[in-house]
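**Q** Residue numbers (this note's numbering), protein chains in the order written: chain A, 1 to 326; chain B, 1001 to 1363.
Heads up, some of the hints might be wrong.
[Said to hold, decoys possible] Pairs of lysine-lysine, BS3-like flavour, derived with a Cα cap of 27 Å:
1. K1169/B with K1144/B
2. K225/A with K309/A
3. K42/A with K1169/B
4. K1071/B with K1051/B
5. K252/A with K225/A
6. K1266/B with K1234/B
7. K321/A with K309/A
8. K1171/B with K110/A
9. K1332/B with K1302/B
10. K1169/B with K110/A
11. K321/A with K225/A
12. K1355/B with K159/A
13. K159/A with K1169/B
14. K42/A with K1171/B
15. K39/A with K159/A
16. K1326/B with K1051/B
17. K252/A with K198/A
18. K198/A with K225/A
19. K1302/B with K110/A
20. K314/A with K302/A
21. K1071/B with K159/A
22. K1144/B with K110/A
[Claimed, not checked] Sample of chain A residues with no beta-carbon within 10 Å of chain B, all distances over it, derived:
23. D21
24. K42
25. M72
26. Q124
27. H203
[To be verified] So the derived list for chain A, only partly shown, Cβ under 7 Å to chain B, looks like this:
28. A70
29. D92
30. G142
No lab work stands behind these hints, which were simulated from the structure alone.
Quick caveat, the model's predicted, so the values are computed rather than measured.
Beta carbons: idealized from backbone N, C-alpha and C, even for Gly.
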Amino acid sequence: MPVITYRDALTQGLREELQRDETVFLMGEEVAQYNGAYKVSKGLLDEFGPMRIVDTPITELGFAGIGVGAAMVGLRPIVEFMTWNFALLALDEVVNAAAKMLYMSGGQYKMPMVFRGPNGAALQLGAQHSQAWESWLAHIPGLKVCTPGTPADAKGLLKSAIRDDNPVVFLEGEMLYNVKGEVPDGEHIIPMGVAELKREGDHCSVITHGKMVLVAMRVGDDLAKEGINIDVVDLRTVRPMDVEAIARSVQKTNRAVVLEEGWEICGMGSQVVDFIQRECFDDLDAPVLRVHQEDVPMPYAKNLERAAKPDAGKTVAAIKKVMYLD
Amino acid sequence: MRTEAKRPAAPKGKDNVPAGDNRASGNGAGGSPPPAEMQGTTVEQRRELLKSMLTQRRFEERCAEAYALGKIGGFCHLYIGQEAISTGVMSMLRPDDYVITAYRDHGQALARGIAPRAVMAELFGRVDGCSGGKGGSMHLFDAKTNFLGGHGIVGSHVPIAAGVAFGIKYKRGNQVCVCFFGEAAVNIGAFHEALNMASLWNLPVIFIIENNRYGMGTAISRSTANEDVIVRAKGYRMDGETVDGQDVFAVRECMSRAIEKARKEKRPTLIEMRTYRFMGHSMSDAVSGTYRTKDELEENMKRDPILLLHNKMFEAGELTEGEMHKMDDEAKAVAQDAWDFADASPEPPLENLYKDVLADTTS
Chain A
1 MPVITYRDAL TQGLREELQR DETVFLMGEE VAQYNGAYKV SKGLLDEFGP MRIVDTPITE
61 LGFAGIGVGA AMVGLRPIVE FMTWNFALLA LDEVVNAAAK MLYMSGGQYK MPMVFRGPNG
121 AALQLGAQHS QAWESWLAHI PGLKVCTPGT PADAKGLLKS AIRDDNPVVF LEGEMLYNVK
181 GEVPDGEHII PMGVAELKRE GDHCSVITHG KMVLVAMRVG DDLAKEGINI DVVDLRTVRP
241 MDVEAIARSV QKTNRAVVLE EGWEICGMGS QVVDFIQREC FDDLDAPVLR VHQEDVPMPY
301 AKNLERAAKP DAGKTVAAIK KVMYLD
Chain B
1001 MRTEAKRPAA PKGKDNVPAG DNRASGNGAG GSPPPAEMQG TTVEQRRELL KSMLTQRRFE
1061 ERCAEAYALG KIGGFCHLYI GQEAISTGVM SMLRPDDYVI TAYRDHGQAL ARGIAPRAVM
1121 AELFGRVDGC SGGKGGSMHL FDAKTNFLGG HGIVGSHVPI AAGVAFGIKY KRGNQVCVCF
1181 FGEAAVNIGA FHEALNMASL WNLPVIFIIE NNRYGMGTAI SRSTANEDVI VRAKGYRMDG
1241 ETVDGQDVFA VRECMSRAIE KARKEKRPTL IEMRTYRFMG HSMSDAVSGT YRTKDELEEN
1301 MKRDPILLLH NKMFEAGELT EGEMHKMDDE AKAVAQDAWD FADASPEPPL ENLYKDVLAD
1361 TTS
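Same shape as in the complex, but just chain A:
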């Protein structure tokens, strides 16, 4: 199987879907002539032309709304945000228009569209450019939220998202674009709402998604050397959430740590823990712990930023705590 980057996997997914369906188009800042701020749309303008690969002004609310309108008349827009931090300006169109249109029209207007872009912190970008938004977006009925953590999932989920008749929020890991992995050529579809057990072990479940999948896998390798074997449950889509996969893992290991990139309060982990305490109460041998960003805006200084982020060390500590090994 070809080994390609997460970025190239996304480009492949976009290209294949643009070829497959003429109603699919991509719009956003710098997506066309510049080939994408993160080069995800590299080469697409040449192949598909300016009507389908559309450079927009810096006007997030406006072009998100253009996407909604185009979807109302039968197109399948892919709206790229240069980062999800900028998408905050467009949330009215995502939340008040796209997510509710089908419902408030009594089923008359579908919203077959994707809002995508990098999410989460990179390195030393400071407070306004280093945020993970999935819990905000997963809160909204009417949206689906994808958080691929590997190149193969990025391609497979993007293709699913583009074909879905619902508005899909697609959160790419800003630090994942250069990560490589095996990705099937051609038709490769990952369905929404299906988690993947990415590593098997019976001592503790680590439930995670997005960029933190890589951290969990590294933790798994490290702990294996100490004889601790963990399950890594990659949710892949946080809405819909594959709660059965969570239950299967926790019922096996009887311990769980929930790892996420975002903040603690009302984070994705709160939702996962709520499910575990209701459905797996009798299976638990220890309280479920969470690993997340510290409850502060992201600082710039290298040492402070490192201290603020969730990482392998914090995850290992949490796993050992739920195993009563600390």
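Knowing the structure of chain A, use the given hints to seat chain B on it.
**A** Chain B alone, transformed into the frame defined by chain A:
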């Protein structure tokens, strides 16, 4: 799901009436040709315009009554006083054109041709409503007439209208998208973002500012640095025009230019239609007293759009008082029929609660 009702027969489609029809239209009691401004319409079309406006008026008077009785809940914004705009604009559109609007949407929905029964049932929160009872007053939708809603966040649907026009152009269609909003929306970012892209990308969209002078209770002089809102068209290299929104012929006339420009040249237009709302901002708002005087209201009610059209037709000798009474009785009957239908329509079944949150389809 929706039941067809006797419609107020919104006039549709003909933006150019052959000259022969014009001559034939001067057949009133006086026998003289109608005033210049009425030319371009037949007497039959003028009757349809009047009928449409009357139907909206009588329908909404019943809405106010139903609201007081608790049959309509939530927010309810009446259009009374502004009917020449909805009527004039819709009378110029083709059935395959698109219409999108804000939350003061009853009059536009009726003028576009959504059955009064389906609109009233929606207001009553019933299953036969045009949005299945899930939208309410502010979210009237109807795919059959390309009525894209009823949107409740000020200015938020203006970019959506540009997107609809983008879709028309993408599919090489020659429809237009008409977008209505109040003058208070011109201060919100979404308006500016949409106008910029509509002009930059040559999109077939017509933005209509219904300037009724008050954003809720705030007069335009208190909200807008330059009250001459049409100058904003210039900032986006867009044609702009201000018209008397109480005069249905003026509305039609300027629409014909804007539609031509959108269909043939794919150019957007911004139109300010000056009007006045005779009711409060919503049903929870006093008609006058807090932010406008009774004198001001009464002065403006002298330019009731229905009265203006009635007078013109009466003076041209093409409408008798008897005919007017008959037409009015018919409008009242349509409103009563809509009420009766809505009252008898069932509430949406509880299983609809989770229906249409998500579509269960893929491409």
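**Q** For each hint, tell me whether it holds in the structure or not.
**A** Hints, verified against the model:
no., hint, result
1, K1169/B with K1144/B, "holds, 21 Å"
2, K225/A with K309/A, "holds, 24 Å"
3, K42/A with K1169/B, "holds, 25 Å"
4, K1071/B with K1051/B, "holds, 26 Å"
5, K252/A with K225/A, "holds, 21 Å"
6, K1266/B with K1234/B, "holds, 17 Å"
7, K321/A with K309/A, "holds, 19 Å"
8, K1171/B with K110/A, "holds, 18 Å"
9, K1332/B with K1302/B, "holds, 22 Å"
10, K1169/B with K110/A, "holds, 20 Å"
11, K321/A with K225/A, "holds, 18 Å"
12, K1355/B with K159/A, "holds, 25 Å"
13, K159/A with K1169/B, "holds, 25 Å"
14, K42/A with K1171/B, "holds, 25 Å"
15, K39/A with K159/A, "holds, 18 Å"
16, K1326/B with K1051/B, "holds, 10 Å"
17, K252/A with K198/A, "holds, 15 Å"
18, K198/A with K225/A, "holds, 18 Å"
19, K1302/B with K110/A, "violated, 44 Å"
20, K314/A with K302/A, "holds, 17 Å"
21, K1071/B with K159/A, "violated, 46 Å"
22, K1144/B with K110/A, "holds, 15 Å"
23, D21, "violated, 6 Å"
24, K42, "holds, 23 Å"
25, M72, "violated, 6 Å"
26, Q124, "holds, 30 Å"
27, H203, "holds, 37 Å"
28, A70, "holds, 4 Å"
29, D92, "holds, 5 Å"
30, G142, "holds, 6 Å"
In terms of the numbered hints stated before, the structure departs from hints 19, 21, 23 and 25, listed from lowest to highest.
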